[in-house]
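K.L.:
Keeping their order, the protein sequence lines are chains E, F, Z and L. All residue numbers for the first sequence refer to numbering that gives the first Met the number 0, where the first residue is 0 and numbers rise by one. All residue numbers for the second sequence refer to numbering that gives the first Met the number 0, where the first residue is 0 and numbers rise by one. All residue numbers for the third sequence refer to numbering that gives the first Met the number 0, where the first residue is 0 and numbers rise by one. All residue numbers for the fourth sequence refer to numbering that gives the first Met the number 0, where the first residue is 0 and numbers rise by one.
Derived from the structure by calculation, the hints contain no laboratory data. Just so we're clear, the structure is a prediction, and the values are computed from it rather than from any experiment. Heads up, some of the hints might be wrong.
What the hints assert, rightly or not - Simulated restraints, written as ranges between beta carbons of each label pair:
id : chain 1 : residue 1 : chain 2 : residue 2 : range
1  : L       : 146       : Z       : 163       : 55 to 61 Å
2  : L       : 137       : E       : 306       : 51 to 57 Å
3  : E       : 47        : L       : 137       : 20 to 26 Å
4  : E       : 42        : L       : 65        : 29 to 35 Å
5  : F       : 305       : Z       : 102       : 23 to 29 Å
6  : Z       : 76        : F       : 284       : 54 to 60 Å
7  : E       : 303       : L       : 103       : 46 to 52 Å
8  : Z       : 102       : F       : 162       : 41 to 47 Å
9  : Z       : 160       : F       : 162       : 31 to 37 Å
Where a beta carbon is used, it is the ideal one built from N, C-alpha and C, also for glycine.
Protein chains: 4
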Amino acid sequence: MDKVRIGSVGLGRLGLQHAENIAGRIQNAELIAICDVDKPKVEETARRLGVKHQFTSFDDLVACKDVDAIAVVSPSALHTGQIAAAMKAGKHVFSEKPLGVTVAECKEAEKAVEAHPDLVFMLGFMRRFDESYKYAHDKVVAGEIGKPVLFRSYSQDPEKFIQGSIAFAPHSGGEFLDMSVHDIDLARWFTGSEPETVYAIGGCYAHPEFAAYKDGDNVSCLMKFKNDCMIFLFAGRTAPHGYNVETEIIGTKGILRIASIPQKNLVEVLDSHGVRRECSENFLERFATAYVNEVQEFVNCIVEKRKPSVTVYDGTKVSEIAYTCKAAFESGELLKF
Amino acid sequence: MDKVRIGSVGLGRLGLQHAENIAGRIQNAELIAICDVDKPKVEETARRLGVKHQFTSFDDLVACKDVDAIAVVSPSALHTGQIAAAMKAGKHVFSEKPLGVTVAECKEAEKAVEAHPDLVFMLGFMRRFDESYKYAHDKVVAGEIGKPVLFRSYSQDPEKFIQGSIAFAPHSGGEFLDMSVHDIDLARWFTGSEPETVYAIGGCYAHPEFAAYKDGDNVSCLMKFKNDCMIFLFAGRTAPHGYNVETEIIGTKGILRIASIPQKNLVEVLDSHGVRRECSENFLERFATAYVNEVQEFVNCIVEKRKPSVTVYDGTKVSEIAYTCKAAFESGELLKF
Amino acid sequence: MDKVRIGSVGLGRLGLQHAENIAGRIQNAELIAICDVDKPKVEETARRLGVKHQFTSFDDLVACKDVDAIAVVSPSALHTGQIAAAMKAGKHVFSEKPLGVTVAECKEAEKAVEAHPDLVFMLGFMRRFDESYKYAHDKVVAGEIGKPVLFRSYSQDPEKFIQGSIAFAPHSGGEFLDMSVHDIDLARWFTGSEPETVYAIGGCYAHPEFAAYKDGDNVSCLMKFKNDCMIFLFAGRTAPHGYNVETEIIGTKGILRIASIPQKNLVEVLDSHGVRRECSENFLERFATAYVNEVQEFVNCIVEKRKPSVTVYDGTKVSEIAYTCKAAFESGELLKF
Amino acid sequence: MDKVRIGSVGLGRLGLQHAENIAGRIQNAELIAICDVDKPKVEETARRLGVKHQFTSFDDLVACKDVDAIAVVSPSALHTGQIAAAMKAGKHVFSEKPLGVTVAECKEAEKAVEAHPDLVFMLGFMRRFDESYKYAHDKVVAGEIGKPVLFRSYSQDPEKFIQGSIAFAPHSGGEFLDMSVHDIDLARWFTGSEPETVYAIGGCYAHPEFAAYKDGDNVSCLMKFKNDCMIFLFAGRTAPHGYNVETEIIGTKGILRIASIPQKNLVEVLDSHGVRRECSENFLERFATAYVNEVQEFVNCIVEKRKPSVTVYDGTKVSEIAYTCKAAFESGELLKF
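The following block holds chain E by itself, in its conformation from the complex (with noise of 0.2 Å):
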């Protein structure tokens, strides 16, 4: 069996991330070339990951023969029309979230997979491919906790990240999209159902920066999905703690919980300060190994001729409620889906 050939585009935190997983912890994958405008940090990457093709043009990577599938992970306003084009060239396709940066941009890249059916293609919601999430999905799926009754869900950066945050905030379309969509994702995931009312809050807490926005550093809201189940979303910029992802679904028969403290390992300390845990700091620290098991699914799907559950319409999905959610946080009215 020969080894599902990845050109990646996109060397940033994220993107090397990823470079590095198919390059050394992927099964049956091989990282054939790197596409990035960095040129230096293409070079460098290349050498240091083994890499036989170099790009600082997207062209040349989807023009390129030995290149079976593309993992984009650019930035988020060139996704769409990346995946149209290396689908186009008959590439299989992993794109990072959110797959498009406007609703009708998710619409294009619908058409784009549609368009080619023979191909895979897979869009990185990766706490669906944490073991942890995985492990609590299976549980509900089973019938374990009975029917859901509310589901609750945090996404919240570090206070200490704070600069990187407010300098972001010009391009990130508010938490919703940019942090919540996540736990939208998880909500339609382990509810298997869609929402029809969400009001949403908020404010800037700490830092008024967001304001310019029409952002918050922290807000939140609660919807009502057609299965009657209750969506409580929260994202906040400014934890003291770490990175903390959490969530909990309560059903008529069984409660989980998953994450509910953002343990960095299985450490506890007891010292001056009490008993205590250190936390995660951060996205690549807590789904490590979520980032390579999407991937390698990914890859799976390739060899073994399948479609994965991740689709395009996830994507799609997940955009409009977060930008639902956006409007609603920002008029103050109960919204309607």
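Add chains F, Z and L to chain E, keeping to what the hints say.
P.N.:
Coordinates of chains F, Z and L only, in the frame set by chain E:
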């Protein structure tokens, strides 16, 4: 210093607990009289606890010269009237929640209290007297968590008591009035602020019987408070694990969680089910010490001639808010206060 | 039913706690008298707690006709003599540990107790009356964990009280006698067996001052009990996090851990130190309820004319074992009982 | 840079895991050959993992020119011989524990390693490569917990695998050699010291079958190390909850606990059993990442021409200590090293 001689009315489950506490666990207090319509229960309890006066009529209790203070632990519908009668007779009054079953009744209770500024009146929001809640509140007041961003509070009754909940449904006033009042009190106490808006949802996920009373078996609401704090409350009657009351206060500088799991005690069991904590079964178990502490504070106020921090107005405010939550739930609309 | 009138001797830290408990937290009990050599403290305490009789001489306390029972909370060296004198005067006796400072003294106490089979004598092994230890013991007795394999118990005092420990070192008898006695009592209580061999080690890891008394600041021992159960005890005076008393009982069918972390209360703090629990600071905080429960049991025994499960012989056995542990530690040899 | 071409011998449970890791999860490595006496298993595995060379004879593997390094994951009795043969043939060697089944064999392995200073030899004490153990070790080395006082370490296999343990009993060498070796390695690694004395006890609490081999189903020992650190080790084959490996290091300034409960993942279940964590089932699950990390370090050492921190001498020392623990257990005497 003489002991405060307390007469207690109502010998239901909580009434008996209060009677036992006053009889043996409160300093500077004496259980001098008990009153209930159930004569055999009055006799048995008086004998067991060594109580001097036994009454089956509240009027007789009020008329008793030996009684300095009255503890009202009777059915909710009687609270307002008994508060007024007791204070008119010159007795200090400790009353269990609710202050009244309607906001109008609460206002009457306010008048009764205002008419007797020399008497101590205290409402039984016992959670404020739980060691853990007090400890957390002290930290918030000391500024240790910065500005409050999100206040989340759950009140869950175990599924195994569901038949009792169903039987009581016609009289409970619904989950917001029956259960969330304590969370509403905590929200006001911890944030020092009042609500502006509320959106409430929920339903009958396991027990359709509640629908007949426009109630659910699990409900939640999202409120915006005047200080911008987000308030998320959840109340449920189908908890699979036990009696769960938990609260989280997310601030800009720290986060506090009170009783994030309802551990029964300090025993951890490691067996074929994994590593587990058994859970509290009911409010009497979880708040055993708080019920003692609150009456001790009532007695201390009488002895030290000062007023409790929980006022009659807290009772009215909480009722007003709970009724608005109920209206929001029934209408499906976003309501403003 | 008349109240048991208790006279308490000793107004040190624990003595004051017992006095306050008897005065206000024990059902069917009355604090009728207190006795201490510190006259101003006696006066102040009597005034504060409303105590009828004040004594600075133990003989006067014993001679007091109003006293039904005596609580011995005086310095250890006085215990045996006061127990004997009190029982000779027809008083029921509750005595704090140790029963005596030598095994010979313990034997004398046994004789005093045996001479008055009509009187209640109880020794203050309060851990048996802690809700969590009781709960665990019930499970063990019910066979829920099968046959006991390993019993591990820690007693740790916080480093911040080290100056007090050093000052008390000449009189403490060493860590096994001063601290491990409670763990030894628990080991016997949980396993229902007695030791066969002991190997003990340790040293002065932070504070060389203890070496002068052939003691360490941290010590441990491994004992084989007659039922084959392995017993590992650890005692330390330099705990960085707080007052830590924890026990684990590994059985063939289940494992129980009691207070595996010394959580102060139910508050979890999430801040720059991670996710943490603050810790208990001392025995009065950790065992507040146990100190009430044990005296309540003493009173109940008197009222119900029955004997406590903790006997005078438990006190002797524990002393014998602790002295053998001490000898093992000092000699470095493996000792047999 | 060329990849390190590894041949792996032994396709038991752990052998297969190593083969899969080398084939797909180790950077700069290639699984070029596999060897096992079970020919069909070799064929099936080679096909599944895309392995070039297949052998049923170790001599053939050693003779293979394409092989740069050999991973020894064969039965323990073969380790020493295969290490020597492989190194003689100029191959780098990674060997699973134990280094040899006797101390004499370990000494032979030392000679083989010493004879080839240009080759990399590494022993598989994988716990040192677990993220949590590494994190804790870094803290200890950095002085964060002060001077080590007590090192406590448990290795427990689940009762549900007891039939396998019984079947393996004649060959296991007893619990100290079979299980505690990892704890002994950790004790030396964390304290940087060596044992002076050991007292060991235990027995057959549930399964008398082990007595025939002078072994127990649960054993423990207390050792005094040269730096005065107390070492308490416990090994058990009847864990009711799962595969439990936990370690505590009590220092004068801080305490670290690694994996105090063997949580399977980050999911917490709240149901009729209470609030619980499900547990790891075996070493492959618990140490999945550590098994990858250790071989990655082996490969890195080859690539970077440096030597691993785990040396052949660590293997000998651990064996010597484990044999002394075994002798102490069998004799019931206090032994000195």
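K.L.:
If a hint holds in the structure, say so; if it doesn't, say that too.
P.N.:
Here's how the hints hold up against the structure:
no.: 1; hint: L:146 / Z:163: 55 to 61 Å; result: violated, 22 Å
no.: 2; hint: L:137 / E:306: 51 to 57 Å; result: violated, 44 Å
no.: 3; hint: E:47 / L:137: 20 to 26 Å; result: holds, 25 Å
no.: 4; hint: E:42 / L:65: 29 to 35 Å; result: holds, 31 Å
no.: 5; hint: F:305 / Z:102: 23 to 29 Å; result: violated, 54 Å
no.: 6; hint: Z:76 / F:284: 54 to 60 Å; result: violated, 42 Å
no.: 7; hint: E:303 / L:103: 46 to 52 Å; result: holds, 51 Å
no.: 8; hint: Z:102 / F:162: 41 to 47 Å; result: violated, 59 Å
no.: 9; hint: Z:160 / F:162: 31 to 37 Å; result: violated, 52 Å
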